[in-house]
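Colleague: One letter stands for each residue in the lines below.
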Amino acid sequence: MKLARRFLPALLGVAALAAIPLVVKNSFFLHVCILVLMWTVLGAAWNVLGGFAGQVSFGHAALFAVGAYTTIILYLKGGLAPWWGIPLGGLAAAVVSLPIGFLCFRLRGPYFSLSTLAVAEIVKLVALNWESVTAGSVGYLITSLPPLSILGASVNWEGKVPFYVAAAILTVIALAATGWLRSSRIGAYLVAIRENEDAAEAVGIDTVRTKALTFALSAFLAGMGGGFYAFYFRYVDPDAVAGIGLSMEMVFIAVVGGLGTVGGPLVGAVFLTAVAELVRERFQAGHLIFYGLFMMLVIRYMPEGIWGRVRKIIDGKKGGS
Amino acid sequence: MALLEVEKLTRNFGGVCAVSNLSFSVTEGEILGLIGPNGAGKTTVFNLVTGFVRPTSGAIRLDGRSVVGLRPHAVARRGIARTFQIVKPFPGLSVRENVTLAAFLRHPARPEAEAAAEKVLERVGLSPRVNELASQLTLMDQKRLEMAKALATEPRLVLLDEPMGGLNATEVDVASALVQRIRESGVTVVLVEHVMKAIMRISDRVVVINQGEKIAEGPPAKVVEEPEVLAAYFGKKRVA
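Residue numbers (our numbering), protein chains in the order written: chain A, 1 to 321; chain B, 1001 to 1240.
All clues given are correct.
Listed next, the in silico SDA-like pairs over lysine to any residue satisfying Cα-Cα at most 25 Å (straight line):
1. A/Lys312 - A/Val275
2. A/Lys312 - A/Met302
3. A/Lys25 - A/Ser149
4. A/Lys312 - B/Arg1096
5. A/Lys312 - A/Phe294
6. B/Lys1119 - B/Gln1136
7. B/Lys1008 - B/Ala1059
8. B/Lys1119 - A/Gly187
9. A/Lys312 - A/Val56
10. A/Lys312 - B/Leu1133
11. B/Lys1197 - B/Leu1178
12. B/Lys1119 - A/Arg185
13. A/Lys312 - B/Ser1094
14. B/Lys1119 - B/Gln1180
15. B/Lys1119 - A/Ser184
16. B/Lys1008 - B/Ala1231
17. B/Lys1197 - B/Gly1235
18. A/Lys312 - B/Ser1135
19. A/Lys312 - B/Arg1110
20. A/Lys312 - B/Arg1129
21. B/Lys1119 - A/Val191
22. B/Lys1119 - A/Ser183
23. A/Lys124 - A/Gly139
24. A/Lys312 - B/Pro1091
25. A/Lys312 - B/Glu1114
26. A/Lys312 - B/Glu1097
27. B/Lys1197 - B/Phe1234
28. A/Lys312 - B/Asn1131
29. B/Lys1008 - B/Ile1215
30. A/Lys312 - B/Gln1136
31. A/Lys124 - A/Leu76
32. A/Lys312 - B/Gly1092
33. B/Lys1197 - B/Gly1166
34. A/Lys312 - A/Arg185
35. A/Lys312 - B/Leu1137
36. A/Lys312 - B/Glu1132
Covered stretches of chain B (in silico footprint by chain A; criterion: 3 or more residues with CB under 8 Å from a CB of chain A, positions within the stretch not fixed):
37. 1082-1089
38. 1103-1115
None of these hints come from the bench; they were simulated from the model.
These numbers were taken from a predicted model, which means no experiment stands behind them.
Glycine is no exception: its CB is placed at the ideal position from the N, C-alpha and C atoms.
Just chain B, same shape as in the assembly (with noise of 0.2 Å):
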């Protein structure tokens, strides 16, 4: 069964339709590629699935259990964890202290909380870093960071919103193993990613949408050559 179930999902802002009737689904175990052009309504499924916005119709299901409606902490809590796109660290806060919060949700106690953030940051690179404060992170730090804070609420499908936009060639590198990394560890990933070398070669899957809906559904190397998708990357005129 689909661990992640979207079906007839919609969303309206007013009289935008930032999502449009669409539907996919993530199996246990597998990155999942989510692309589009700019605007195309990625990170306003990220938004619904974690509950930052409530869809205006569809349903979301985890394991066979609706997530509608549940706020954000919620989500979480049932084991859907994300990043933004535009990082949001504690700024003022300690590395170490940025992903205890996050392991709070599943460790109570501190001295657990502070073990588990500890592991964590190990498993994303951060460690030599513990002891700064977020907002002095380089931006690829705080990338990392990003996921760490995911990785902490010990989630089983986690959402990576853009987790190499602004990274250079090398950085691109060190993410894509690290996103790997975290389906090997038993994490199943969706990922929205503008860095097309990069999503295609690690995604297993990706769907593709435009406006709002699906255009197109597949193995990476297959889509990239489906014509709706290369209108709407590069307009109709070039492809014809």
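Chain A with its partners taken away, still in its complex shape (with noise of 0.2 Å):
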């Protein structure tokens, strides 16, 4: 019965996420779903590292261009199909997130976040200039994916469901990877260590590698997030996978949602790229200024996020525990 409790939202969510392919036929709206989707997994790779550790990161974007170009050289140079690519990517970034760990967890609070913002703009301007690696400033363009075919059907790639097959399983591992966290011991000393981070060391929390392996299970996520932006949109430029825009958006999706939670990512990603795409309708000019309007509503209001504010009345209603 308790068990049934904790996993039927699980279940209820899985049940809608592959409900939607088979309702919605209109492409641009499958188009939002997949962006939602990928937004969701971006903000939950944000929020593992920002919402459970306390470690506000501004450079996460480094970890997504990883993950981008490690899926779209595998591609293009290699031969290797992208399904291949974006656990390699997310592998990739994971690697790469340690030495990051390395240098950025020895300062705190805003000196760790500044840290990682330079970082960031350090990975691109190597993708920048590294030519011979990343192709400079003119990017990498896939045009044709590779032949696949499930169940004997062959997958056609000019439709939009393969690819929201694809964004819809990475966000169940990115949820399921940030429940099982919230429920660990790993979940629960995060959480320690964004209380009080000499309390955490002084009770025999080792701090450092607990936030290093966070680190690294957000980048992955990160990693395969940018995997799945090279799949999609078929094309990686530094501006494109690697701009601070891309950082600032993954902490405002888990910030709108709910800070440490595990809804909160999709709650967010769902509010601001809806807000996104009605405002951009609506003002073509000047749209953002909307968009920055509601994040502002919502931090003043709702600091807690949307989804962190629908759990408290919830539990409220419980009666506490």
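Can you join these two chains into the complex? Each is in its own frame, and there are hints to help.
Modeller: The following block contains the structure:
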């Protein structure tokens, strides 16, 4: 019973994810759904480190870029299909996160945040200038995806559904990983680190190792998000995958959805993508003003995020605990 | 053999010598008071022993094994726990969760950790408060929580940094009794404290430091009569 209640929301979520492409035939709407799911993965990636462990990174675009470049280079130069390239992109980002963590975790609070910002700029400059590997500002373009058949039916890469399925799988992985993390001992350690790092060390928590492991998990998810981006948009250049805007967007999604919650990034991605698309349609010029206004309102009146507020209300009705 | 041995411990901060050539040892089962005027270097000694600050030179051994160079979490694993003078709870978490986090060190599975935390909370008298947020506790209860977190790591030696600072007279008595009970449970105690009445009553031995150096050591009643101790606290003129 207890188990059923714990997994019921997850099962309902997976069922809803599976139902969307069966119901929705409008390809623009499906495109929006794919964006929402991609941003969910990225928001969840950021939330693992920023929401649970309280380590606010402004440089997650660096990890996104590593994933995107790994996936597209493996495909274009090595002929490795993106569905292998995406997890490898995640792995590459996790490996890259280790030296970044080694350097940046020496700093705390705002100094940590600024150092991650600097790392992202370095990665962008490397991507721009290391032309033999990254093709510099020209970037890489995928002209055709490899043929794939599932259960005898060949996949049509011109439609949106295959990409939707890939994004949905990544979303389930990202949310399952954060759900597991929240209920694990490591998750409790992360909260301790967020609350007071010295006190965490004093009671025997290896804060450096815990942060490094979490950063690697966060990087793995962000890298897979980047790999998916390369796969879906079929184009990678430094501005598209390593810009500071990307890093900020991940922060916003996690904050608007709810820091340190499992469902928060999904809720944040739904709201922010929906608001962005709506205002873009109504006000062509200056639509970002409304986007910013929406964010300010959420942060002012719901600092725990939309999902964080909903959870608070639900938990309150259950009578504490 | 001594449980904790500190030998020729020195720590400089820039040109300032916070701890200088300090040696003392702690015997298993005792309560050792570490006293001295403000700025004498008492908290620095705690920071050095627990790995929060690295010594410039000198040795620190627990049970004959050096703990110099270990990070704080590794020192805690070896069996030295500490409390902080300015309490450092996990403010947004419940009292129970605060102590459970410390109990994880010896009990990796949550149910066992929670059971162990429950026992420690009972020992320090925090059982009625388990569901409250740590930030909502009174100072007395925050001091209790600080001790509970240290004890939940199941240490052999606990370093208490001013567990009575800021408490009123009744509360000081409660805290003194608590410290004595910790010792009775088999944990050795080193205590930094400014509340002289309490430290004189509960310490078996005191070490007096001034400006980073040891100036006296012995049973509390004897030490307070030493001229150098009086000079450190009240100034040379008045003593002479």
